[in-house]
Amino acid sequence: MSNPLDHIPEEIRRTAAQCRHYAMCKIDYLETGLCPPAKKTPYVSYFPQGRMDLCDALAKDLIPVTGAAVDIISSCTLCGTCDRQCHFVTGMRPMTVMQALKAFLDAFLKKGGKAAVIPEDEPLKALKNIVGEKWATNDPAHLIAYANDPFPLADRQMPGYVVLPGSAEELVEIVRFADRTHIPAVVRGNGGSVFGFVFTPGIVIDVNRMKKIQLDPDNWTAVIDPGVTAFELQKAAAEQGYRVNTAEPAATVCGNIVCTGLFSTWANVYGVGADHIVDMTFVDRHGKVFTANDRNAPNVFGFEKAVHPSPGICLQARVRMHPVTDDEEGLLVPFTTLADAVSFAKDISRRRIGLAIGVLGGHYLSTFISPTQSLARQTRKIFSDILEMTYVVSIIGDRYARNSIRQMVPCVIDSSTFRMFLLGLPQLIGSDLADIVRGLESDRPAYETVFSQEMLPVLEEILTPSPGTLAAAVGEDLRDFYEELYSRPHMTDLVWLTMFRIVSARMSRHKHMFAFLIYIPLEPVDAIHELITCFSEIAEKHGIDHDLGFIAPLDLGKRGILEYDYYIDHTDSADCEKIRLAMTEVEPMVDKMSRSFKGITFLKYIFSQGCARKENFLYT
Amino acid sequence: MPEKKIFCIPETCSKKELLGYAQPFFKNNGGEIRAAADDITGRRRSKKTCFLLTGATGFLGIHLADMLAKEGHTVILPARSWDNTAPEERINALFKWLGREGSPSCVQIVPADLNRPDLGLSPADYHRLASSIDEIIHCASDTSFSERKRPQIEKANVENLHHLLEFAAKSRCCFFHFISTAYAAGKKRGVCPEALVDTRSFFNVYEETKHRAEMTAAKRCNREGIRLNIYRPSIVYGHSRTGKTLRFNALYYPVKILVFLKNLYLEKHREQALESAERMGISFSADGTAHMPIRIEASPSGGINLIPVDFFIAAFSAIMETATDGGIFHITNDKTKPLFDIIHFTRKYFHITGIQAVAAENFPAGHPNSLEILFNRYTEVYRHYMQDERIFDNTRAGAILKAKGISCPDFDYRIFSTCMRYAESVNWGNAS
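Protein sequences, first through last, are from chains A and B. The numbering of the first sequence is our numbering, which starts it at 6 and goes up by one. The numbering of the second sequence is our numbering, which starts it at 92 and goes up by one.
Each hint should be verified, as a subset may be incorrect.
[Said to hold, decoys possible] Derived pair list, reagent style BS3-like, types lysine-lysine, alpha-carbon separation capped at 27 Å: (1) B:K279 - B:K246; (2) A:K386 - B:K240; (3) B:K246 - A:K386; (4) A:K44 - A:K139; (5) B:K138 - B:K495; (6) A:K240 - A:K45.
[Stated by the list, open to error] Now the in silico label distances, taken between C-beta atoms and shown as ranges: (7) B:E515 - A:Q378: 32 to 38 Å; (8) A:D448 - B:N354: 23 to 29 Å; (9) A:G548 - B:R219: 30 to 36 Å; (10) B:A377 - A:S492: 34 to 40 Å; (11) B:R291 - A:E528: 35 to 41 Å; (12) B:E180 - A:A159: 44 to 50 Å; (13) B:S222 - A:K597: 48 to 54 Å; (14) B:L357 - A:Q378: 32 to 38 Å; (15) A:E545 - B:G193: 33 to 39 Å; (16) B:N354 - A:C84: 45 to 51 Å; (17) B:G193 - A:S471: 43 to 49 Å; (18) A:S79 - B:E180: 54 to 60 Å; (19) A:S471 - B:K187: 38 to 44 Å.
No wet-lab data here; the hints were simulated from the structure. Ideal Cβ placement from N, Cα and C applies to all residues, glycine included.
Produce the complete structure using the sequences and hints provided.
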């Protein structure tokens, strides 16, 4: 009988394989600090995400125990940061994996196991010459962290090398070396990678050491390196009283711009595509450096409805910053139907009321505000079945915008009510309120009664909102952490949450999310309904969990962007087959819809054209 | 030889004409009907009648099913799955709730769906069912009041009735029993007769759809030679002796709101509760009595017409047995309960002061307090029923019930407290 520590238990491996690669462990979004070894050596392999991949690979015997593997595993201090960070967004507890890795390594070494030494080859030596000894590797324990992501339709592909340049000059040299030697190369930021685009048998260029941010308040711009994440840039801008339009917090800003263009609910006022860029510097695949504003440079602002290669690797970007007023607050406007919610979002966008505007479906809202999946599920049921709050329009606005909105709709959930609701959510589930409201017969939706001014003191009494109340929803050992976390005012501030988007990764807490993004016309609403119905029918046909994500208005409400999500277990081959079959129907369906309705454009056509002028893809 | 029709309404007749035929209801107009009254009575007595009863997953429906089963009749209960619970499971649970071991052997549960024209049955099953049943009791209904639910209410109360009547026409059904409501009379003051009435004015969509359903049933049954009884109960509460009920709406809901608010503050930490309660205008005396200053508009001449479920079942059974020629019957309480009395009962039972019934002319315009606004928001749809001035003539039903020695109990404090004790014991039906 083998020593149980000789191998990694299957249950642990399964946990490790569930890592969603959303990269939230790579940003200090909860002020817990980063995983200490990864902070010093920011290969993905040192972050919890990489350690999860390493665990899965070792358990499956895909790679040997190498020198890097020993270092990666040994360097873990079992500090628990990964547990707190990962639980917040996924509900997972990676600490069990980290402990199992350590136990596995101990057993391996005690048995006299020797770490495999991976010999250096010429390309590696050349790469090390460019970036230094520490920042290029061909050790499988590192490579495995760059070999796959949860995208179910791409196979694992081990790169030959991973290299982390420290400057634009080094990055250009790497590209020139790759071009010279005909070794394929791809670049990846430190952000999440979930679409299977950044794999190569050649060189993976990880820009995570290139994180310089220079704010230029005189020009309302920021100059950033390619490794700067959305969270880091937003934080730097916010400290100076500005805001940037960014995407998912762990995603690199430059990568997002080049890949799909930046869009968020802020796109309502800040635009998309070229709207964010003042200038960008690229190196093309032959190593030629050019800037977007150079009249002789390739036209990155144009758009063609076809799959294009990217103009090159972004070395630096000068992006726009936006002013912030001190009276901004968030509010939610509930609706029972999608048509009403979209119509309202379009209306206020057209009237230039509010800043960030987004129509959220029930899954998003309940998931964003719930610290556990179970609470999210129960919350959603109460929101939709009892409060009749099937959709909300989330708005950030100054006091004038908020006053206008209050005159336009019968019910708003303002920032203080939102805070009360969020902090008291566990009490809502067990309270008699749901029963009382269930019995309510009214010609108006129940939420109008529940969120009426007279009801607010009652709600407060029912919910007894406090960080401690909310923390009661999580496991006992995490309660102190959650209580302290939610004592911070920004954690319940809709403005901050909308800017930093740290809760949006929760949307795939129950399963990996497969997001479809489509630019749409906001009228006629029939087009939106038809699109959603088609997505829903395809998913149902293949037995895939699915839901509307969000709709955000763009360009004064003439257009918008819609996200529809399919949810699968990316480690389940049956689920992967389902999504493969569904994909064969989704793409023709969206293409067909785009021929029927002006303004429908699949985001896949924007890939690598993210710097394009929005007019070029919204109105052609 | 088929018996002559005892009522006949031409297929093409207008609503006005229909009403003409219905005053008095169900005249013998010389046509053919499906079964003679004696035959119907004989089959029932020999327990050969097979009843199809809809709505058995509801409060009245399950009581009717139980009553029929106890009388030894064969009963078929069409029902659908709900919330991942199979029809059998739903109905068995209700029989158990009634204190039975489960569905009696004479009860047959058939998965079916009235929302569908074919009742959700295969052609063979549809035909089999149609050739099995003798009488139909239609108790399924959507009792929502809110206008924005109109499509769903119309579907349940009118469109689905068409599906059932079509089925009845194709079946060997000879008697259709329709559970309507006394409030199908619509908006009016004074006497509401036991007859079809011509009105287009209703307090809510529930009343309106029940009115339309009565018309529909009368017309189709006449055309098909099917006898029709329309039973019109007023507001049904729990069992008069045990208080047992399934639903805590209507009578219960406004009381439940008050108790909810009182308990919300009372059950919390004392000091914190007092401060918070004060903001709502609620205060507590040393013995736990809550002072809740709420003025409720009341009509001195109006009130609430309440009947217990046991009376309804007894009345239904008696009318069904006696009125084999068909007709409309008010199953109501001769003693409408003034709102003043209900408020008094509530104050006494739940130890609440400050709630007052105020005559409309004395109700101060504007400036309601927060508690009043809140109470009104939650109970708005019941306002008309709390000060109802409709008087339900029950000459026809009354004669039958009197002969059988059945009378409706006065809704006094004893019954009120029985009902409320039961409500509290089951947390007002809230399982969580």
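query: Between L357 (chain B) and Q378 (chain A), does the C-beta distance stay in 32 to 38 Å?
result: holds (34 Å)
message: Looking only at beta-carbon atoms, does the pair G548 (chain A), R219 (chain B) fall within the given range of 30 to 36 Å?
response: holds (34 Å)
- prompt: Is the hinted range of 33 to 39 Å satisfied by the C-beta distance from E545 (chain A) to G193 (chain B)?
  reply: holds (36 Å)
Satisfaction of hint between K240 (chain B) and K386 (chain A), Cα-Cα up to 27 Å: Roughly 19 Å between the alpha carbons, so the hint for K386 (chain A) and K240 (chain B) holds.
message: Range first: 32 to 38 Å. Now tell me if the beta carbons of E515 (chain B) and Q378 (chain A) are that far apart.
response: Distance hint for E515 (chain B), Q378 (chain A) holds at roughly 35 Å.
- request: Using the beta carbons of E180 (chain B) and A159 (chain A), state whether their distance is inside 44 to 50 Å or not.
  value: holds (46 Å)
message: Looking only at beta-carbon atoms, does the pair G193 (chain B), S471 (chain A) fall within the given range of 43 to 49 Å?
response: Cβ of G193 (chain B) to Cβ of S471 (chain A): about 47 Å, so the range 43 to 49 Å holds.
query: So does R291 (chain B) sit 35 to 41 Å from E528 (chain A), Cβ to Cβ?
result: 37 Å Cβ-Cβ, so the 35 to 41 Å window holds.
query: Does the Cβ-Cβ separation between N354 (chain B) and C84 (chain A) fall within 45 to 51 Å?
result: Since the Cβ atoms of N354 (chain B) and C84 (chain A) sit about 46 Å apart, the hinted range of 45 to 51 Å holds.
task: Compare the distance between the alpha carbons of K246 (chain B) and K386 (chain A) with 27 Å, and conclude whether the hinted pair is satisfied.
output: Holds - the C-alpha atoms of K386 (chain A) and K246 (chain B) are around 25 Å apart, at most 27 Å.
- prompt: Quick one, are K279 (chain B) and K246 (chain B) close enough, alpha carbons at most 27 Å?
  reply: holds (26 Å)
- prompt: So does S79 (chain A) sit 54 to 60 Å from E180 (chain B), Cβ to Cβ?
  reply: holds (57 Å)
Violated hints are absent here; each numbered hint is respected by the structure.
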